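Trainee: Sequence:
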Amino acid sequence: MATKNDKNVFASPWNDSDMVLVLEGRELHVHKWILKSQSPVFKAMFDGHFQEASEARITLKEKYFQSMVRFLKVLYPSSMFGETKSPLDDECWLSILALAEEYQCVNVIKQCIDEVKITPQNALQILPYAVKYHHTALPTIYDVINWSAPTTKLEKIVPEIESKEKSNTMLLTKCRFLESAVVKMQDAIISLIGDFLKQKKIADDANNSLSSTKRSLDDARRKIKVLDVSSSYPMPLGGYPIYSYGTSAQTYQDKTKADCRCPHSVGVPEISKTKNCLDCKEKYKESFLVPIPSCQNTQIFFSMLRSGDDVTTALKGW
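Residue numbers (my numbering): 140 to 457.
I should point out that these hints are in silico values taken from the structure, not numbers from a laboratory.
Please read all numbers here as calculations on a predicted model, not as lab measurements.
One or more of the hints may lead you astray.
[Claimed, not checked] No farther apart than 30 angstroms at their CA atoms in a straight line, the calculated lysine-lysine pairs in the BS3-like style are these:
hint, residue 1, residue 2
1, Lys249, Lys337
2, Lys303, Lys271
3, Lys200, Lys171
4, Lys271, Lys200
5, Lys313, Lys303
6, Lys303, Lys292
7, Lys339, Lys353
8, Lys256, Lys305
9, Lys295, Lys313
10, Lys295, Lys256
11, Lys353, Lys337
12, Lys292, Lys271
13, Lys292, Lys305
14, Lys249, Lys313
15, Lys292, Lys249
16, Lys212, Lys249
17, Lys171, Lys305
18, Lys212, Lys271
19, Lys339, Lys362
20, Lys175, Lys202
Kindly generate the complete structure, drawing on both the sequences and the hints.
Mentor: Laid out in structure tokens, this is it:
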């Protein structure tokens with residue numbers, strides 16, 4: 140029986156081992172009955188008419204010693220190792236899967252997939268094994284693929300999937316995920332635009348009120364100026380000379396009149412109108428485009444809104 144301090148329990152005879160595998164000039168002491176029970180390939184080698192059936196020592200060419208050790212530790216029942224069986228290392232799982240498929244060890248493939256944490260980095264590599272041998276793991280893999288795998292990568296992996304049914308399911312799952320994301324994004328954009336419109340209306344109302352107040356002050360100052368015709372300079376009002384304020388009021392009105400005259404509701408349904416309004420475009424750019432690096436101009440933003448609105452409208456219509 141291997142002790143818990145053994146780093147490689149297969150390095151020497153143990154627990155009535157009756158077979159030696161030789162890889163890269165090094166020996167691995169194993170048990171025929173375990174290999175036969177887990178692998179149809181080993182069973183055919185040991186029970187058939189192959190030369191290996193009568194030998195107690197087999198050389199496995201083109202195999203790596205460390206990879207085979209890891210593979211055997213997953214292949215063997217954990218009870219035979221006590222505390223020496225180490226958990227599956229993220230760095231070696233791919234080599235274990237490759238050997239498990241070569242020797243048709245379905246249980247090892249399932250165990251390997253179950254123990255490995257599915258990540259954006261390995262999901263597409265694990266997918267072909269799960270499609271062939273471990274269907275219950277597919278939903279988890281699909282979930283990772285949905286939010287992490289770009290279409291360009293899926294285009295490369297789909298032809299390698301033997302089951303057209305499974306590849307279609309994967310693509311449909313991703314389509315549903317993306318459609319749902321588009322709808323949520325569109326709802327968020329409309330909500331954002333709604334908040335923007337409220338703030339714009341408040342600002343426009345304030346500008347209108349301020350402009351009205353300025354006009355009233357101008358009228359009052361003009362009346363004072365007419366009454367005080369004998370004076371070289373008009374009397375100050377509120378501490379400011381009237382002649383200097385007239386210019387300021389006119390300049391202010393020139394700057395704000397575009398805001399006051401904009402009649403549009405700057406929402407998705409009226410994109411065709413608002414995209415031609417200079418005031419709306421500037422408001423969009425200031426409020427929405429600056430935080431979005433991919434939006435270099437208002438036309439791109441309007442195109443995004445239009446596309447999102449078309450897709451969302453179609454999806455919600457079903």
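Trainee: Next step is simple, just say for each hint if it's right about the structure.
Mentor: Quick rundown of the hints versus the structure:
1. Proposed proximity of Lys249 and Lys337 is contradicted: the alpha carbons are some 56 angstroms apart, above 30 angstroms.
2. The hinted pair formed by Lys303 and Lys271 meets the criterion: a straight-line CA distance of about 12 angstroms does not exceed 30 angstroms.
3. Our distance criterion of 30 angstroms between C-alpha atoms is met by Lys200 and Lys171, whose separation comes to about 19 angstroms.
4. Proposed proximity of Lys271 and Lys200 is supported: the alpha carbons are some 26 angstroms apart, at most 30 angstroms.
5. In summary, the hint linking Lys313 to Lys303 is supported, as the alpha carbons are separated by about 15 angstroms, within the 30 angstroms threshold.
6. Straight-line distance between C-alpha atoms of Lys303 and Lys292 comes to about 17 angstroms, which keeps the hinted pair within the 30 angstroms bound.
7. At roughly 21 angstroms between alpha-carbon atoms, Lys339 and Lys353 fall within 30 angstroms of each other, so this suggested pair holds.
8. The hinted pair formed by Lys256 and Lys305 meets the criterion: a straight-line CA distance of about 21 angstroms does not exceed 30 angstroms.
9. Under the criterion of a C-alpha separation no larger than 30 angstroms, the hint pairing Lys295 with Lys313 is consistent with the structure, at around 15 angstroms.
10. This hinted pair checks out: Lys295 and Lys256 have alpha carbons roughly 23 angstroms apart, not beyond 30 angstroms.
11. Distance hint between Lys353 and Lys337 is fulfilled; the C-alpha atoms sit about 24 angstroms from each other, no more than 30 angstroms.
12. Distance restraint check for Lys292 and Lys271: the Cα-Cα separation of roughly 20 angstroms lies within the 30 angstroms cut-off, and the hinted pair is therefore satisfied.
13. Pair hint Lys292 plus Lys305 holds up; C-alpha atoms about 17 angstroms apart against a cutoff of 30 angstroms.
14. At most 30 angstroms may separate the alpha-carbon atoms for a hinted pair to count; Lys249 and Lys313 meet this at roughly 24 angstroms.
15. Under the criterion of a C-alpha separation no larger than 30 angstroms, the hint pairing Lys292 with Lys249 is consistent with the structure, at around 24 angstroms.
16. The straight-line distance between the Cα atoms of Lys212 and Lys249 is roughly 14 angstroms, inside the 30 angstroms bound, and the hint therefore holds.
17. Proposed proximity of Lys171 and Lys305 is contradicted: the alpha carbons are some 36 angstroms apart, above 30 angstroms.
18. Using a Cα cut-off of 30 angstroms, the hinted pair Lys212 and Lys271 holds, with the two alpha carbons roughly 23 angstroms apart.
19. A distance of roughly 35 angstroms separates the Cα atoms of Lys339 and Lys362; the hinted pair therefore is violated under the 30 angstroms criterion.
20. A hinted pair counts as satisfied when its Cα atoms are at most 30 angstroms apart, and Lys175 with Lys202 qualifies at roughly 19 angstroms.
Hints 1, 17, 19 from the earlier list are contradicted by this structure; the remaining hints agree with it.
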